[in-house]
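From just these sequences and the hints, can you work out the full model?
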Amino acid sequence: MSLCSAGDHVLVSRSVFGSTISLFDKYFKRFGIEVDYVPLAELSGWDTAIKANTKMLFVESPSNPLAELVDIAALAEIAHARGAMLIVDNCFCTPALQQPLLLGADIVVHSATKFIDGQGRCMGGVVAGRSEQMKEVVGFLRTAGPTLSPFNAWIFLKGLETLNLRMRAHCANAQALA
Numbered sequence: 001m002s003l004c005s006a007g008d009h010v011l012v013s014r015s016v017f018g019s020t021i022s023l024f025d026k027y028f029k030r031f032g033i034e035v036d037y038v039p040l041a042e043l044s045g046w047d048t049a050i051k052a053n054t055k056m057l058f059v060e061s062p063s064n065p066l067a068e069l070v071d072i073a074a075l076a077e078i079a080h081a082r083g084a085m086l087i088v089d090n091c092f093c094t095p096a097l098q099q100p101l102l103l104g105a106d107i108v109v110h111s112a113t114k115f116i117d118g119q120g121r122c123m124g125g126v127v128a129g130r131s132e133q134m135k136e137v138v139g140f141l142r143t144a145g146p147t148l149s150p151f152n153a154w155i156f157l158k159g160l161e162t163l164n165l166r167m168r169a170h171c172a173n174a175q176a177l178a
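Numbering (the UniProt record's numbering), first residue to last: 1 to 178.
Just so you know, these hints were derived from the structure itself, not from any lab.
Just so you know, not all the hints are guaranteed correct.
As the list claims (entries may be wrong) - Quick list of simulated restraints, FRET-style, between CB atoms: (1) ARG130 / ASP71: 17 to 23 Å; (2) ASN164 / PRO65: 34 to 40 Å; (3) ALA67 / GLN99: 14 to 20 Å.
Stated by the list, open to error - The calculated DSS-like cross-link candidates involving lysine-lysine, where the alpha carbons are at most 30 Å apart (straight line), are: (4) LYS55 / LYS114; (5) LYS158 / LYS135; (6) LYS26 / LYS114; (7) LYS26 / LYS55; (8) LYS29 / LYS135; (9) LYS55 / LYS135; (10) LYS135 / LYS114; (11) LYS114 / LYS158; (12) LYS51 / LYS29; (13) LYS29 / LYS55; (14) LYS114 / LYS29; (15) LYS114 / LYS51; (16) LYS26 / LYS135; (17) LYS26 / LYS51.
Ideal placement from N, C-alpha and C gives every residue a C-beta, glycine not left out.
Shown next as structure tokens:
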């Protein structure tokens, strides 16, 4: 929300987590930010839906719960060509399997509660991105105050120690089932 103002437009994938839909429909719209939904994998639909006031595109890839995918690099090109940012929720892949910033995304968000911790012991999240956009995000977070306790930060650090190993095991299990 720190990157948008009243009158801005945001495009969101139709295939996103239910709470994400609530965030955009209830809170973004309340602050006068226009929100439209686009099918995730249809790149031409994203390009067509961008307006002069589109500030950002928001996707989950893979999406939750449908596991739909989008070509992040291609979508980043579309967003940047039209002056918009691309924000990717990378919750399922984690940095161990996919690095959206290297594919052209401007900001990446992770739910640290899920795979990064690995055991659901505490709640937290990660926002990472390019410095221009992160200045606004960090300023908002400092004002809003959603910071981790030292203990929860330590829990997440412990989870990072085994993240690559756990993600390899998740992938091996998924391939065995497929």
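Taking the hints in turn, this is what the structure says about them:
Checking the proposed 17 to 23 Å range against ARG130 and ASP71 shows it holds: the Cβ atoms sit about 20 Å from each other. With their beta carbons about 25 Å apart, ASN164 and PRO65 fall outside the hinted range of 34 to 40 Å. Range check, ALA67 to GLN99: about 19 Å between beta-carbon atoms, so the 14 to 20 Å window is met. The suggested pairing of LYS55 with LYS114 holds, with an alpha-carbon distance near 28 Å, which does not exceed 30 Å.
Using a Cα cut-off of 30 Å, the hinted pair LYS158 and LYS135 holds, with the two alpha carbons roughly 28 Å apart. With a CA separation close to 24 Å, the supplied pair LYS26 and LYS114 stays within the 30 Å bound. Pair hint LYS26 plus LYS55 holds up; C-alpha atoms about 18 Å apart against a cutoff of 30 Å. With a C-alpha separation of about 23 Å, the suggested pairing of LYS29 with LYS135 holds against the 30 Å cut-off.
Between LYS55 and LYS135 the alpha-carbon distance is near 16 Å, which keeps this suggested pair within the 30 Å criterion. Between LYS135 and LYS114, the direct Cα distance comes to roughly 26 Å. Compliance with the 30 Å bound is thereby established for this hinted pair. For the hint linking LYS114 to LYS158, the alpha-carbon distance of about 13 Å falls within 30 Å, and the restraint holds. Annotation: proposed proximity of LYS51 to LYS29 holds, straight-line Cα distance about 17 Å (limit 30 Å).
For a cut-off of 30 Å, the pair hint linking LYS29 to LYS55 stands: about 14 Å separates their Cα positions. Annotation: proposed proximity of LYS114 to LYS29 holds, straight-line Cα distance about 28 Å (limit 30 Å). Only pairs whose Cα atoms come within 30 Å are accepted, and LYS114 paired with LYS51 is rejected, the gap being roughly 34 Å. Annotation: proposed proximity of LYS26 to LYS135 holds, straight-line Cα distance about 25 Å (limit 30 Å).
Between LYS26 and LYS51 the CA atoms are separated by roughly 21 Å; this keeps the pair inside 30 Å, and the hint holds.
This entry does not satisfy hints 2 and 15, going by the numbered hints stated previously.
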